[in-house]
Amino acid sequence: MKSLNYLLLTLSCSASLLAQEKHVPQQDPHHHRHPIRIAVLMGHGMVPEIDGGVLFVPAWGWDLDYHLSDRWSLGWHSDIELENYIILNGQGEEVLLRTPLVSTIDAFYRLNHNLIVGAGPGFTAENGEWKPIVR
23 MKSLNYLLLT LSCSASLLAQ EKHVPQQDPH HHRHPIRIAV LMGHGMVPEI DGGVLFVPAW
83 GWDLDYHLSD RWSLGWHSDI ELENYIILNG QGEEVLLRTP LVSTIDAFYR LNHNLIVGAG
143 PGFTAENGEW KPIVR
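In our numbering, the protein residues as written are 23 to 157.
Keep in mind the hints are simulated off the structure, nothing from the lab.
Just so it is clear, CB atoms sit at the ideal spot from N, CA and C, and this is done for glycine as well.
It cannot be assumed that every hint is accurate.
[Said to hold, decoys possible] Pairwise CB distance ranges, derived in the manner of DEER restraints:
(1) Ile58 / Leu118: 16 to 24 Å
(2) Ile108 / Gly65: 18 to 26 Å
(3) Ile108 / Ala61: 27 to 35 Å
(4) Ile58 / Val139: 18 to 26 Å
Taking the hints into account, I'd like the entire structure generated from these sequences.
Following this line, the structure appears as structure tokens:
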């Protein structure tokens, strides 16, 4: 009987050694990124004035981004400035701009968690004229 108790005690102790589970660290939810990002933005645009100063005009924007990977993404970024203002064109003439719209298709590369660089072609609509731009 005594040897049976020792046998049961030994088996129960060794069984608990086999019951260990593999520990998998939980991923930080801060770094989870949905592949599609949609944003409505409110901000200000910076416009050079004729006298050499800078005019800040209110602007609304909308962004649509698709993340290809953790580092690369493609996006459609547009903004419309809500003020009318006068600028100098390439010939030195004053031109009144009425709520200009800028829209671009951009490629972005994430250098680190807080720094992204991007560029892309697009257009600007100013007073009914469509002009190509690169942002």
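Problem set entry | Satisfaction of the hinted span 16 to 24 Å by the C-beta atoms belonging to Ile58 and Leu118 | Violated, since Ile58 and Leu118 (Cβ atoms, about 38 Å apart) do not stay within the stated range.
Exercise. Holds or violated: 27 to 35 Å for the Cβ distance of Ile108 and Ala61?
Worked result: For Ile108 and Ala61 the Cβ distance comes to about 31 Å; the hint holds.
For this session: Kindly confirm whether 18 to 26 Å is satisfied by the beta carbon distance between Ile108 and Gly65.
Result: 21 Å, holds
For this session: For the range 18 to 26 Å, tell me whether the beta carbons of Ile58 and Val139 fit it or not.
Result: 21 Å, holds
The structure does not agree with numbered hint 1 stated previously, though it agrees with all others.
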